[in-house]
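Asks: We have chain Y already, so just place chain D on it with the hints.
From first to last, the protein sequence lines stand for chains Y and D. Just so we're on the same page, the working numbering is the position in the first sequence counted from 1, plus 210. Just so we're on the same page, the working numbering is the position in the second sequence counted from 1, plus 71.
Hint data in this document are derived by calculation from the structure and do not stem from the laboratory. A hint or two may mislead.
[Claimed, not checked] Which stretches of chain Y does chain D cover? Using the computed rule of at least three CB atoms under 8 Å from a CB of chain D, they are:
hint : stretch
1    : 212-223
2    : 249-262
3    : 266-274
As the structure is a computational prediction, the values presented were derived from the model and not from experiment. In this text, a Cβ means the ideal position worked out from N, Cα and C, and glycines have one as well.
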Amino acid sequence: MNKEEFIQDYIANRLSEEETARAETLLKSDAELQALYETHQELAAAFKISNDKALKQRLQALDSTSDEPELTSNVKKKNNFKIFSRLAIAAIFIVGAFIVFNQFTASEDLFDSYFEVCPNTYLPVTRGTTNQDVTFEAFKAYESTNYLQAEIAFKGLLANEDNLSIRFYYAMSLLNQEKFDLALNELNTLTTKTFDYQAESLWYAALIALEKGNSEAVKNQLGKLQELNPNYKSAEVQKILEKLP
Amino acid sequence: MSRNSTDAELQDLLRSDNKKALETIYIEYKDEFLNYAKKYGLDVYNATDIYQDAIIAMHHNFVNSRLVLTSSSIKTYLFGIGKFKILKKLKEAKTLLNVETKEEAYTEITLDEPTPSERSVTLSAYLDSISESCRKVLELFYYRNLTVDEIVQVTEYKDGNTVRSHKSRCLKRLKSLFKKV
Chain Y
211 MNKEEFIQDY IANRLSEEET ARAETLLKSD AELQALYETH QELAAAFKIS NDKALKQRLQ
271 ALDSTSDEPE LTSNVKKKNN FKIFSRLAIA AIFIVGAFIV FNQFTASEDL FDSYFEVCPN
331 TYLPVTRGTT NQDVTFEAFK AYESTNYLQA EIAFKGLLAN EDNLSIRFYY AMSLLNQEKF
391 DLALNELNTL TTKTFDYQAE SLWYAALIAL EKGNSEAVKN QLGKLQELNP NYKSAEVQKI
451 LEKLP
Chain D
72 MSRNSTDAEL QDLLRSDNKK ALETIYIEYK DEFLNYAKKY GLDVYNATDI YQDAIIAMHH
132 NFVNSRLVLT SSSIKTYLFG IGKFKILKKL KEAKTLLNVE TKEEAYTEIT LDEPTPSERS
192 VTLSAYLDSI SESCRKVLEL FYYRNLTVDE IVQVTEYKDG NTVRSHKSRC LKRLKSLFKK
252 V
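Isolated chain Y, as found in the complex (with noise of 0.2 Å):
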């Protein structure tokens, strides 16, 4: 277990009275796990906060639409217009203002929401075993998600031979560790090659495009992504589509 769980479970009472009274005892003494402790604390807050509010909106809400009475008076009727065709128009000003200013943010939303480390279906790892390959040893850094230690590992591996489905994982590899435009670039060499991992390839390096704002890209990227497999990631190709400018 890690110590933010480990953490969780202490403020969430999870832990026996032994656990518990180690627990109190390390968080006087460990700089990490007070850290940890009062970053849970504080996020705790800060969601009360934030769902108290967005609660109260809603039973206030809910009051509103059982209780308001109907406006029939044609005067209020034409002044509603009027106000509404105003506040129609201020919103159009606001929500182009608020797409353009904030299109590279919603991507890097949209990157957040439909990123998911990519598993290891090369070479299944199994504990215990005993096989001390090369590949087998990236593969397992992978796996334990030592992005760092496997990047070095299918770099030495792709020295000697170009595989290129070692070279999409090497891409992975880059990719967990958030060093976007080095993946990007393995990944660009690899879109066009036909393999095991084409259709994975193009959707990260659509995943890279919508985090670095690139619409066009991204759009691209899918547009061949669904030509390629149109039953790869159909759903979220979609939804992506849907919400870019």
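Replies: This is chain D only, laid out in the frame that chain Y set:
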């Protein structure tokens, strides 16, 4: 959700953060609470405001602390919180009168309501600036205190490592927004 759901079923729904169940309870007991608040001299506006805050506090305790009521009903618990909030408001306004009667059916439920830190207030504003999936995974872990395995069960993440990885990235993003202040 049926209005005939048992108290235990409703409690399960509240613990799973089911907002529809909460709205049903809100509507179900609102008029009765407003009548109850009249005894304390509260007008409808203030009584409604307190009732909403009581509902929110009850919701928090079910979702965050996974409250299980064994010796009282949801209604009794809700009115107990409501009573605490009414008395608190009257004490603050220094208009508290002795209105306890023999028919008083609800025991005041005292809540610990610490003032949030400035950092938490600022962080709360940034929660709207991260993606929906980021907000969700952080909320499940830090607010609802679900374990990683429980998060896998209630979401579409394929395994615990994916949850940990996504949560870590999301926390990093939130902290980077916070640092820009």
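Asks: Decide, hint by hint, whether the structure agrees.
Replies: Going through the hints against the structure:
| no. | hint | verdict |
| --- | --- | --- |
| 1 | 212-223 | holds (count 6) |
| 2 | 249-262 | holds (count 13) |
| 3 | 266-274 | holds (count 6) |
When each numbered hint is compared with the structure, no violation occurs for any of them.
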